[in-house]
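Trainee: Sequence:
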Amino acid sequence: MAMNFDPFRELDRVASGLFESRQGPRVMPMDLYRQGETYVLTADLPGIDPGSIDVDVDGQLLTIRAERTLRGAEGVKWITRERSGGSFLRQLSLGDGLDVERISASYENGVLSVVIPVSERAKPRKIAVEHVTTDGASEGQQLSASAS
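In this text, residue positions in the sequence shown follow our numbering: the first is 80, and each later residue adds one.
Mixed in with the good hints, there may be bad ones.
What the hints assert, rightly or not - For each label pair, taking beta carbons as the anchor points, the in silico distance ranges come out as:
id: 1; residue 1: R181; residue 2: K205; range: 17 to 25 Å
id: 2; residue 1: R160; residue 2: D123; range: 17 to 25 Å
id: 3; residue 1: V208; residue 2: M109; range: 36 to 44 Å
id: 4; residue 1: G165; residue 2: D135; range: 18 to 26 Å
Keep in mind the hints are simulated off the structure, nothing from the lab.
Beta carbons: idealized from backbone N, C-alpha and C, even for Gly.
Make the full structure from the sequences, and use the hints.
Mentor: If you want it as structure tokens, here you go:
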């Protein structure tokens, strides 16, 4: 069996083992994009128990929490250990114009998807413009204009 020794990797492994219990929540990588009248957030959470995922909204703050428990950690001698367990946390400040009451989430194949719809009041809409003549009479003709 060929062995490859990297002193920096070994130092990193030892340091992470020493300080593992002091680490706080880990950040999860995510993408955020707009698709039509919704925003879609996708976050990578491989190996997470779906029951540990918590998505909540408090005012304009969206919080995602999850927990990864590593299996087989008791009574084994690790050769290499690059996957970390523990808590994952991500918080996003939501802007005005989003419908926080209709946010939905799903978890599939290690990816959490959160759909955040745009509120009805923030969507573009037509505003009728009434034409008034110089004598103060209103004509039945209406013009339309877009407002956003």
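Trainee: Look at each hint and say if it fits the structure.
Mentor: So, going through the hints one by one against the coordinates:
Here the CB-CB span from R181 to K205 is close to 23 Å, well matched to the stated 17 to 25 Å. Checked against the hint of 17 to 25 Å, the C-beta distance between R160 and D123 comes to roughly 19 Å, which is consistent with it. For the pair V208 and M109, the supplied restraint of 36 to 44 Å holds, since their beta-carbon distance comes to about 43 Å. Range check, G165 to D135: Cβ separation about 20 Å, and the 18 to 26 Å hint holds.
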